[in-house]
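*Asks:* Sequence:
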Amino acid sequence: MQAASATGVDAGWIKGKWQVSVAGEATVRTLDVANLQAKDGLTYTLDATYGVTDTQLQPIAAELHRADGKWTIAITTQISAAISAESSDQKAFSGTITYKNGISKPLTIVMANTARHWLSHDEVAAMLIGKRVTFVRLRDGTEVTWQLDDSGMLYAHNSKGQSDNARWQLSPQGELCLTWKGNSGDGCLYAFRDGDNGSVMFAPQKNSVSQPWSKVVSP
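The sequence shown lines up with residues 310 to 528 when you count with my numbering.
As a list, the in silico DSBU-like pairs of lysine-lysine whose alpha-carbon atoms are at most 30 Å apart:
#: 1; residue 1: 524; residue 2: 409
#: 2; residue 1: 414; residue 2: 400
#: 3; residue 1: 326; residue 2: 515
#: 4; residue 1: 379; residue 2: 469
#: 5; residue 1: 379; residue 2: 348
#: 6; residue 1: 324; residue 2: 515
#: 7; residue 1: 524; residue 2: 490
#: 8; residue 1: 515; residue 2: 400
#: 9; residue 1: 379; residue 2: 409
#: 10; residue 1: 324; residue 2: 414
#: 11; residue 1: 414; residue 2: 524
#: 12; residue 1: 440; residue 2: 400
#: 13; residue 1: 400; residue 2: 324
#: 14; residue 1: 379; residue 2: 400
Since the hints were made in silico from the structure, they are not lab data.
None of these values were measured; they are calculated from a predicted model.
Work out the full structure: start from the sequences and follow the hints.
*Replies:* Written as structure tokens, this is what we have:
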């Protein structure tokens with residue numbers, strides 16, 4: 310039976326296992342929501358456990374709230390870290406984790422049973438070449454816009470007013486490798502989406518637990 314409030318808002322989709330990835334940390338964590346209880350018309354208390362994936366998960370305090378067409382999850386972990394993340398599609402959350410020492414880091418929470426689809430060479434080419442693509446860099450929330458031309462050049466600028474350009478190469482396996490003229494840092498990325506309708510994200514490694522580096526927000 311799915312949970313619904315008096316206003317008809319369905320929150321049963323939250324039940325199940327979710328993968329929690331913190332920017333800059335290799336450790337992957339699991340959030341397991343067993344059940345939920347309506348607290349008021351738009352807020353639910355979650356019966357949930359949390360911890361490092363493939364270890365014994367521990368009970369945590371967690372709530373789910375609906376406002377302005379979006380869902381917000383608030384979690385207090387066993388080590389008193391505070392997680393606050395928002396979702397508009399009921400498939401993934403993005404937000405921050407704030408540790409007791411005051412340090413905050415971006416994080417993503419995605420359904421653990423959502424199939425990760427790695428984009429092929431042709432899919433990446435269709436998305437990027439000759440296009441203007443904007444994404445959010447998850448480690449610091451900076452918005453970055455790339456424009457790739459078909460001569461192998463990439464032009465980039467971000468929301469902090471910084472710009473750079475690079476030579477790009479796209480392998481037959483869909484790996485995008487960049488050699489920057491400035492100090493942006495050379496490297497390679499793979500593009501993926503979680504499920505058929507998930508947002509496109511970039512990750513430095515091609516595996517099921519690779520932490521996303523950025524999330525495409527436009528187009």
